[in-house]
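Undergrad: Chains as they are written, first to last, in this note's numbering: chain A, 1 to 389; chain B, 1001 to 1389.
Incorrect hints may have been included.
[Unchecked claim] To spell it out: a stretch of chain A is covered by chain B in this simulated footprint if at least three of its residues, at any positions, have a beta carbon under 8 angstroms from a beta carbon of chain B; those stretches are:
| # | segment |
| --- | --- |
| 1 | 67-74 |
| 2 | 80-91 |
| 3 | 244-255 |
[Unchecked claim] Only some residues are given here: those of chain A computed to face chain B with a beta carbon under 7 angstroms:
| # | residue |
| --- | --- |
| 4 | Met1 |
| 5 | Arg3 |
| 6 | Trp26 |
| 7 | Val52 |
| 8 | Met53 |
| 9 | Glu55 |
| 10 | His62 |
| 11 | Ser64 |
| 12 | Tyr95 |
| 13 | Gly103 |
| 14 | Arg134 |
| 15 | Trp136 |
| 16 | Gln153 |
| 17 | Thr231 |
| 18 | Glu378 |
Because the hints were derived from the structure by calculation, they are not lab data. Since the model is a prediction, treat every value here as computed from it, not as a measurement. Glycine included, every Cβ here is placed at the ideal spot set by N, Cα and C.
Protein chains: 2
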Amino acid sequence: MRRVALVGAGVSKFGVRKATYRDLVWEAGKACFDSVPGVKPKDLDGLVVGSVMPERTAFQSHISSMVAEALGIRPSALSARTEHMCASGTVGIRYAYAFIAAGLADLVMVLGVEKLNQPVADEAVLNMGTGVDREWEAAFGLTAPPCFAFAAQRHMAEYGTTEEQLAMVGVKNHTHAAKNPSAHFTKGATLDQVLGSRMIASPLRLFMCSPITDGAAAVVLASETRARALTDTPVWIRGTGQALDGFQLSSLHEDYAHWPALKRAAQAAYQMAAVGPHEIDLAEVHDCFSIAELIAYEELGFCHKGEAGPFVAEGRSDYGGDVVVNPRGGLIGCGHPLGATGVAQAAEVFVQLRGEAGARQVPAAALALTHNNSGMGEHVVMIYGKEPA
Amino acid sequence: MRRVALVGAGVSKFGVRKATYRDLVWEAGKACFDSVPGVKPKDLDGLVVGSVMPERTAFQSHISSMVAEALGIRPSALSARTEHMCASGTVGIRYAYAFIAAGLADLVMVLGVEKLNQPVADEAVLNMGTGVDREWEAAFGLTAPPCFAFAAQRHMAEYGTTEEQLAMVGVKNHTHAAKNPSAHFTKGATLDQVLGSRMIASPLRLFMCSPITDGAAAVVLASETRARALTDTPVWIRGTGQALDGFQLSSLHEDYAHWPALKRAAQAAYQMAAVGPHEIDLAEVHDCFSIAELIAYEELGFCHKGEAGPFVAEGRSDYGGDVVVNPRGGLIGCGHPLGATGVAQAAEVFVQLRGEAGARQVPAAALALTHNNSGMGEHVVMIYGKEPA
């Protein structure tokens, strides 16, 4: 199996954008090509696009071909769109990774994009309901916020996690986002603001939730030979893991505060990368709701089970702590344009491990992890390093 | 790179089905598991689902997880949905193939599914419009039938191809479908019936076009070790190629009767498989419209450029000819449930190369090709063999 590295990355501005789906593709695509001057669109032999619901939001299927044409790419080895709800972007990175690792492609762009905000605000909320089981859950109102609220309530009951600790994830990620010009929110937030924001699904308040965001992100993956020819500072894919417990909430047999699929995905990735959780310098974690980040600390092995509340309260997931979690602001601060999220996580790792993250640089970052999920029962983990395995 | 083989395959009944999206998944999934008694859902380490527009037709995203749960699969290595319009199924097979070839997975189901027919008939036609460029083509009525009609008109003008020759593709594929109990149409068709059917987009008449079909298909891919342990007659993936010329009709720089991307995809697949076009015993070709099958003969190298009309008229693409094209009835006879089509092609190759195709068995079939496209400018080719390379 061949080594694979990131050699370029770029993101669009995230937010409520007065831009079309295609505009967002152009913006992230250009930013990505600008980051790697040795690569022109025609040099790529593949394109993978992570995107969830353009059929609903842009009345458009056939996404990879549309993006290829928009960016002037003519894939000669690989073209595909991937969908795995909120994890569509990372699932796309894995498609490109497998092709390059197997020797079937050499230089592939992975682009994630979603245009969620619609002229009628209710339509965006309705569309998000396609992500849970239509017949058994969405039709009865069991969309993402109440699902994750169950997890938060259980974590509070079982481990004494407090509203303040849940709020501190919001404070940290909004504060990080204030240093990221591409983020949806750039004003930061205080503990009072987070705890005073309106209730969405008890105990999750507005500033503990990711918003409905438009955005796109792109990275370029290369085989070792191509990567070394293109840059002195490639960012290596060291490990990857994916696991599923279940889709419907009723299929998650352990209590909702335990996410065994995340643990298994992480273990697979750590084993492949031959590293442990305490060696990770920064982690892009899927904080769709603040409880998700807390449970991720535990299942990823950054702290013991049940200790995530104190872990964030003591600043151990912030600059100067054990591991910097969500330096770009996470989904809560940056926004969560579904298909774009996993690719934007990889793009952040790319600039961080090259020391190019500016005001939000994690000092001496050498090993990074990304975690992208699509519900509490389905998880994808990637591990990246400044050095190959 | 490791060898990969098909070890199981099954299809649902294709047609205008009184069945939900999930019903179709169950039907094809069960048929596939029944074909390979040694594999239970829990034995699979991956699942890929090819599907185009469940967001529109079933108000459902997050498709791979939904299918995993419906079939009792718990992916531990790989879970994804792929979309590439009409080629979504084969693009899914390639995802699984790359993972197994790279050593990242061992036993993966690829399932294709589409529920196109809707309570309101016009909605299905409207939804099909998501497959072409929304802003530049679909909005002006340039959907698939007129695009392929342009190709037919050009082929007739340039090479003297006749309406009768176009019709003979319809006759052949409807006749083949009559021997396939899973096909949408099972009554066959005469030349008079095809030439007398109503005009859709001149010169393409109803019986020269694929219908709007509901259906699903599934195959199981395995690494060499797993394949040999599971069956004495695995069907080996020998080669694969994908290429793109353009998405919008205006981007196809050669005249519409030439499809260079198909030629390149085929050449890549032939080279990888170390075989030539005249060694192929049967081909599942993307006859979304009869002209597509004629141009495919030429670009795949079964005959010279411009000679496809006489090729079909002389029976050279039928039983007893050079190569049996579309023994299951093709898209015209079997129907075209988008994401299911590429997987159903692979399922047909599976039974044919094992000699299990019953009344439609191609004698002494040893090498097979599948061709799946998503517009005139985007093509995927796979080559399968009774023996590994």
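Undergrad: Of the hints given before, which are not true for this structure?
TA: Violated hints (numbers, rising): 5, 6, 15, 16 and 17; every other hint is consistent with the structure.
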